[in-house]
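Could you slot chain C with the ligands onto chain W? The hints should help.
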Amino acid sequence: MPTEPLLVAEHLRLSFGATTALEDASVAVHAGEVLALMGPSGSGKSTLLHCLGGILHPDAGRVTYAGRDLTAMHDSERSALRRSELGFVFQFGQLVPELTCLENVALPLRLNGASRRAAHRSASAWLERLEVLDVAAKRPGQVSGGQGQRVAVARALVTRPRVVFADEPTGALDSLNGERVMQLFVAAARETGAAVVLVTHEARVAAYSDREAVVRDGRVRTVEYAR
Amino acid sequence: MSVGRALLGLLENGPRHGYDLKRSYDERFGTDRPLAYGQVYSTLARLLRNGFVEVESEPGAGPERKRYAITEAGVADVASWLAQPEKPEPYLQSTLYTKVVLALLTGNDATTVLDTQRAEHLRLMRELTRRKETGDLADQLVCDHALFHLEADLRWLELTAARVQQLAAHVRP
Ligand SMILES: Nc1ncnc2c1ncn2[C@@H]1O[C@H](COP(=O)(O)OP(=O)(O)OP(=O)(O)O)[C@@H](O)[C@H]1O
Ligand SMILES: [Mg+2]
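If you're matching them up, the sequences are chains W and C in order.
With the numbering used here, you'll find the first sequence wraps up at 228, consecutive numbering, no jumps.
With the numbering used here, you'll find the second sequence wraps up at 236, consecutive numbering, no jumps.
Worth flagging that the hints you see were computed from the coordinates, not collected in a lab.
Warning: the hint list may mix true and false statements.
Simulated restraints, written as ranges between beta carbons of each label pair [claimed, not checked]: (1) C/Lys-162 <-> W/Ser-145: 42 to 48 Å; (2) C/Leu-200 <-> W/Arg-222: 34 to 40 Å; (3) W/Val-97 <-> C/Gln-229: 42 to 48 Å.
Ideal placement from N, C-alpha and C gives every residue a C-beta, glycine not left out.
In isolation and in its complexed conformation, chain W is listed as follows (with noise of 0.2 Å):
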């Protein structure tokens, strides 16, 4: 690829007591692309992802996002990126269960500092788009996990992040309504040019991404287009 990548990381390592999770894991992702990445459990995947989106800190090697160094970052600087430029999905959603699936999603733009009004509108938007405003009004203990996906995928696109990290975010739907999840979660992606880092070991689902990198013992190995 032409360009520059938007995030790499370089010789991460990182422990966890006497269980070293990353032991010499490089990656780069560039800008708009859809990154799988794949490999046994255990390997490092979850890890490897909490470090490039800043929520882990390696203990040794460096992740850079936009040129800048984020293990180098302040907290406060860090967490401030994280709100406007990246977007997280998980297995389990991880939505606020008081809120309503709106609120959720307007969320991270309300902590921008949007008006109540701009957000919601803004949000409902996002719902549509992911076929889930019939769950507007509803909390996350009230829908089903292929609807409770689709608001926390919308959550993470509300922003229009640069990255959008997943991991495992169709882990716990069946076939069809994880394939229906991914086909809008990379469709939407795609819209915005947002980047996709997704962890997963379902191949039908890598199968939407652009390239994939394999973890394997802490490590990358990562096959580049051989054609």
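Below, chain C with the ligands without anything else, positioned relative to chain W:
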């Protein structure tokens, strides 16, 4: 894939010339591997010998002007083929297994063999996924079938990758 049965099935719509039959086969089943004319005519010759088709020659016509029609025996053959389930075949896995074992025996990186195969599988899966997105319901069903099979292969690749050390010890004690 039984080309003979497919051609017979296509003839159930009415008599056809060989080239016409090939075209319609390619349209429906041959997107990845179109039939060669030679194969069409040799298959038709076999079906003729077996009494599954008959020839309706046009007056003064050469061999490529022959029209083939399905016989009653042909119709029955197609019906019994459709009633029989296909045997699940571990077609690819045996080749890959051979490659992995050979890689281990020759000191090449077996994990790379597996990851390269994974990349190729995923490449095809992406293509099918795109085709599925733009296609109609029939395309979706055909692509899904292929996707689930490729996924099964990939699971095997992953499992084998996780057992490469074990396999190495077994292959090279
Ligand atoms: N908070 C933690 N405390 C202790 N060990 C951890 C923690 N998080 C991860 N690990 C360990 O680090 C290694 C990598 O974990 P990680 O969650 O990154 O794997 P993964 O590839 O995402 O696996 P899975 O596919 O099962 O989700 C594992 O051995 C795991 O047990
Ligand atoms: Mg994980």
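Verification of the hints:
1. C/Lys-162 <-> W/Ser-145: 42 to 48 Å: Between C/Lys-162 and W/Ser-145, where Cβ atoms are some 43 Å apart, the hint holds.
2. C/Leu-200 <-> W/Arg-222: 34 to 40 Å: Taking Cβ atoms as reference, C/Leu-200 and W/Arg-222 lie about 38 Å apart, which means the hint holds.
3. W/Val-97 <-> C/Gln-229: 42 to 48 Å: Holds, at about 46 Å.
Comparing the model with each numbered hint stated earlier shows that all of them hold.
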